[in-house]
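Q: These protein sequence lines are chains A and B, in that order. Just so we're aligned, residue 1 is where the first sequence starts under the UniProt record's numbering, counting upward by one. Just so we're aligned, residue 1 is where the second sequence starts under the UniProt record's numbering, counting upward by one.
No more than 30 Å apart at the CA atoms, straight line, and that leaves these computed lysine-lysine pairs for DSSO-like:
#1 LYS418(B) x LYS181(A)
#2 LYS418(B) x LYS150(A)
#3 LYS28(B) x LYS224(A)
#4 LYS167(B) x LYS125(B)
#5 LYS181(A) x LYS111(B)
#6 LYS221(A) x LYS28(B)
#7 LYS440(B) x LYS148(A)
#8 LYS181(A) x LYS79(B)
#9 LYS181(A) x LYS413(B)
#10 LYS167(B) x LYS267(B)
#11 LYS183(A) x LYS28(B)
#12 LYS199(A) x LYS191(B)
#13 LYS413(B) x LYS183(A)
#14 LYS440(B) x LYS150(A)
#15 LYS433(B) x LYS224(A)
#16 LYS418(B) x LYS157(A)
I should point out that these hints are in silico values taken from the structure, not numbers from a laboratory. This one's a predicted model, so the numbers in the text were calculated from it and none came from an experiment.
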Amino acid sequence: MAPLGIRCANSLRQISKNTTGFRAAFSTSRTRQAGGSIEDLSKDNSLPKSTQSTSPATANRFPATTAPAVSQENRRSDQPLQSTPEASFNPIELPGARRRSPPGDSPAKPRPNSSRAFNLANLVGKTQSQQARKQHMEKAVSQEDVGKAKLAQDLTKNITRRFREGDVYAPHDLHWVEMTKFKRMGKPAHDAFDELDLKPLDNYRNFSMISEYMTPMGRIKHSKDTGLRPVNQRRIARTIRRTIGLGIMPSVHIHPELLAKMMRRAQARMARDRGQ
Amino acid sequence: MASRRSIAPGAALLRSSRVFSVPPPLPKPEENWNPTGNFSSDTATAIHPTHLSITTPQTSRVRGDWGLKRSLPLRSTTKSSTPVIRVSAMDTYEHITEYASAADHSLTLQKWQELGVALSTPIQKMAGGNYFKNHLVGKSVFEDQLDTIFRPQTDGPRDEEVRWRFKGPWLAGQSEGQFNEYMRSTVLRQKNQFREFIRNQCATEERRKLMLSRREAENASPPKGKVSQGATSHAHESTTAPEGAPVESKQIPLPKISDDQLYQYMKGLRQDRAELYKQIRTFLDLSPTSSKKSMPRNIGAFIAGDVDEPEMEHSSSPYAFSGPPKTHPSAGLSYSRTSSKLENHPIYGPQQVSKPIEARIVTPRNAPSHQLSLGVGGFIAMAPDEQQMTNAPFGRNIQSTAGLQHNFVDPDKIGGSKMWIQTKSASIMSTGKVSLQVEKADPVNVAVATNKVDELPVAPMKTLRPTYGRFGSTRRIPLSNDPGVAPPTPTNAQTYGL
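All chains should be built: construct the whole structure from the sequences, respecting the hints.
A: Right under this line is the structure:
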């Protein structure tokens with residue numbers, strides 16, 4: 001998973017291609033310029049570039065004024081706003097957008113590879129450019145929504161702290177530096193065997209309990225992972241060694257029954273996600 | 001201050017200084033124990049402050065003078081709009097004073113005082129969604145009946161129903177290991193004291209029986225002395241004591257209980273478990289407990305007799321379900337007895353409800369915590385239960401834009417997503433956290449608060465004048481079905497009461 005900063009910039013790049021808002025328009029931030037300089041997706045390189053400035057800062061200064069008026073043929077290559085060509089298919093769709101046909105399927109627009117010389121759409125009067133512009137505007141709206149939705153999703157997913165009722169928060173608690181600290185699991189505050197008043201050696205046959213103190217590779221966990229006090233840490237380590245020595249626990253992984261249970265659960269979860 | 005010894009002037013100066021008046025820090029608040037580990041941060045704001053917040057006037061601040069052992073650096077203390085610090089170490093081995101900003105808790109307290117919510121006893125939710133309600137729940141913590149730690153010596157009304165401080169632990173909140181440790185270290189060592197306590201209880205019981213029998217004997221036989229003149233009027237009254245007769249408990253000494261008598265009494269106690277448990281609770285000063293399951297869920301179950309055995313005495317204490325508070329139930333946050341105060345608006349007059357507050361949506365619904373939480377004055381409050389706009393199944397990613405404001409973070413909103421709420425009540429939980437109950441604010445009240453009454457939608461044809469802002473009510477009383485009645489406009493002077 002890419003770090004937060006890069007993922008956000010990716011989403012912003014996608015938005016900056018399609019938005020006509022003033023904030024994006026007059027922004028001189030790096031993300032905006034990065035979005036402007038992506039030319040691989042804007043495949044319309046028909047116009048010569050010598051007559052236009054190639055620097056994204058100057059070229060994209062006033063995209064709002066030029067976006068509606070410029071038709072497809074006169075679109076500048078370095079303008080990222082209408083850069084999504086018809087050929088690229090946007091995989092992310094809103095539920096409502098399913099009704100809209102994907103690009104390339106519109107009956108009014110003739111397929112470029114069609115062998116038909118005579119097109120009914122041309123008879124109707126709407127030019128190809130007008131149709132394409134309409135579809136672009138439609139797509140631009142939906143893509144803007146999609147871009148915004150994706151950004152909102154990503155930002156929401158990164159609120160890693162679980163705020164509980166009665167917690168006190170200050171502005172620095174909402175900062176990403178503080179949030180990243182809540183991703184790391186700390187060691188338990190109290191000794192589990194003391195709290196439950198159990199002896200590890202009396203539960204040597206409880207392979208769930210024993211496996212909880214082993215890593216997936218079959219190694220005994222350190223006390224900074226278990227949070228046990230030294231006496232109990234020694235007891236559980238002794239129990240694990242004896243159980244392995246008895247032959248009722250494997251030494252290189254956790255108990256196979258637990259492995260089977262975990263696999264069954266993962267499969268059920270995948271089936272549930274697929275079925276949704 | 002010792003009167004005989006003379007105190008050196010330097011010592012006297014130090015004793016009266018601010019440095020010496022800083023109290024020792026409180027223990028850090030405990031987090032929920034998770035055997036596999038917690039997600040936590042050492043720099044996150046704690047649920048309650050543990051160190052004193054110190055501030056200093058601006059003239060001293062520019063010189064770095066905070067009344068401490070040394071002056072503090074100016075770069076970090078003068079460029080802040082919240083010049084409040086907490087000192088974790090007055091002097092360290094490296095000869096520095098360790099300090100940090102205390103603005104988080106100080107400003108939170110300031111915001112809380114602006115909210116003006118009074119503290120009440122906690123409201124507990126039982127299994128099945130019902131609320132545990134009795135005459136002590138939801139009352140102000142400063143009620144004379146509730147605000148007490150007094151233990152009457154004589155056997156009077158049950159004081160543990162109302163007290164908030166107990167010497168013994170709350171057994172329901174203890175884990176197995178903690179309970180066994182308590183038994184080993186405290187209870188088993190007090191066997192002899194408990195035996196003497198039982199002997200005392202037995203003696204008190206005997207004296208009470210003696211008093212009753214004497215009273216009955218006096219009522220049966222004709223009374224002597226002065227009272228006999230008015231015997232006809234007094235004879236039927238069993239409660240009034242004839243003069244000279246020793247019925248006061250102080251006058252009868254406690255009878256001596258022999259070991260055999262004590263043994264018989266203890267045997268009787270073993271059968272009468274309710275009485276035995278009561279004796280144990282009194283001796284160990286345990287806080288009352290009540291199981292959520294043991295409470296009858298509704299009056300129907302109660303009538304049908306579907307309740308637990310009488311041994312399970314249901315305590316009416318407001319702290320029975322969640323445990324007694326660690327401090328006074330108000331935790332020093334607010335000293336007002338009620339939130340019922342009338343706020344006056346300069347245009348619309350007295351308002352029925354307090355001013356609505358814009359709460360921050362700290363975690364939207366689709367965040368990893370899967371719960372909509374609001375930030376009100378620095379405290380996290382759970383969003384009021386409202387009907388879900390979409391019945392989206394768990395894990396659905398993209399939702400309609402209409403519900404986006406509460407389901408996802410809104411990246412375009414400057415200042416973050418907010419929600420208008422009204423505070424209802426507040427209480428302190430047994431963990432030390434503040435439980436603030438809020439509800440969604442009425443749009444009319446919001447309009448009054450933001451001075452946007454003109455933008456409110458006009459009332460429909462068939463209603464009588466809606467009360468915009470005045471007494472905050474939005475009750476619309478239909479006038480008649482006659483469409484000829486002109487609709488009242490918001491600019492109507494009648495509605496504003498001017």
